[in-house]
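Modelling step: build the complete structure from the supplied sequences, incorporating the hints.
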Amino acid sequence: MVTIEGDQLGGKPNRQYPVKASLFKNIVSHLLAVLNAHREKTGMLTSEEEIQVLADKIRPDQTLNSNFDLISSIKLQKIGFIYTNNALTTEVTGNIDLKARTIIIHPLQKLNASSTYCLSYLLGAAVLFNSDEISSISVSKNIIDLTLTKNHPIPKSIIESQISLFINSLLMPRRLTERLVDQLMSDFDIKDHNHGLIFVDYQECNHTQYVKMINNICSIMSVSSNLAISRLTALEILKDTRTRKPKNWSTYVADPEKETNRKAEAPRRVYIDLGEDLNQEPPL
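FYI, in this note's numbering the residues of the sequence shown are 786 to 1069.
If you are wondering where the hints come from, they were derived from the structure by calculation, not from laboratory data.
Errors might be hidden in some of the hints.
To be verified - Calculated lysine-lysine pairs in the DSSO-like style (CA-CA distance at most 30 Å, straight line): (1) K895 - K884; (2) K976 - K941; (3) K842 - K863; (4) K926 - K863.
Unchecked claim - Pairwise CB distance ranges (calculated): (5) E835 - F866: 21 to 29 Å; (6) N1000 - S857: 24 to 32 Å; (7) S1004 - N811: 44 to 52 Å.
Glycine included, every Cβ here is placed at the ideal spot set by N, Cα and C.
Written out as structure tokens, the structure reads:
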């Protein structure tokens, strides 16, 4: 089966079509050939390892007491800033000129998780791509709008996934993230039971530890809970066994009568929404 994205169908829902294995293999081979040819021409990074190496070069200090200055790191990549007015704001509004390698935005009063993400997005676009692929990137109050050139050879989904990987690798580098998780587990006396350093299921005790770990990681690394969860999962540090709605839903609903019959040694089980109690916007 091959999936055609909705935006390629005039905004309609995604559709799947049966495709012979040989034809699908030829399509994939053609796309890879296009990407490799374009990569040789422009030097575009395509592999996960290369993108993570680049992010590590931009953020070489991954000690626990390191202080990452995103603005300075952007300038070190020979990307300039032009501020459009004197009014300070906490939200990124403006655009990036990829040809001139210049970010044009309102001056920022401080960085928070959203503005840090937006600036990292602009940095990722500038170091991974150029004006041959991306026509423009505008940001309005931390909302990003990416427009590709008319004859761009790379699918938008690939460009966005590579920028996303760069952001995750820059804001939550592997070595620093692993060190921070180890330190927090020691501070909170959380044991590793060999099913994920951070493990969450329907047991109340595991959920409490999960919320504590995620919120502290978000606060220290200045990222949103969504980004933290995504990165920790990719690094195989977090294992979340919950589902949106368990089949045996009733067993997770608080019931005083059932509670009295619960075995004393059995862990208390609760159903909690996936994003509940998590900090969405931790300040720097």
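Structure-based check of each hint:
About 27 Å separates the Cα atoms of K895 and K884, which keeps this hinted pair within 30 Å; it holds. Annotation: proposed proximity of K976 to K941 is violated, straight-line Cα distance about 42 Å (limit 30 Å). The hinted pair formed by K842 and K863 meets the criterion: a straight-line CA distance of about 14 Å does not exceed 30 Å. About 25 Å separates the Cα atoms of K926 and K863, which keeps this hinted pair within 30 Å; it holds.
Separation of E835 from F866 is about 27 Å and conforms to the stated range, judged on CB atoms against 21 to 29 Å. Take N1000 and S857: their Cβ atoms lie about 27 Å apart, and the range 24 to 32 Å holds. Checking the proposed 44 to 52 Å range against S1004 and N811 shows it holds: the Cβ atoms sit about 49 Å from each other.
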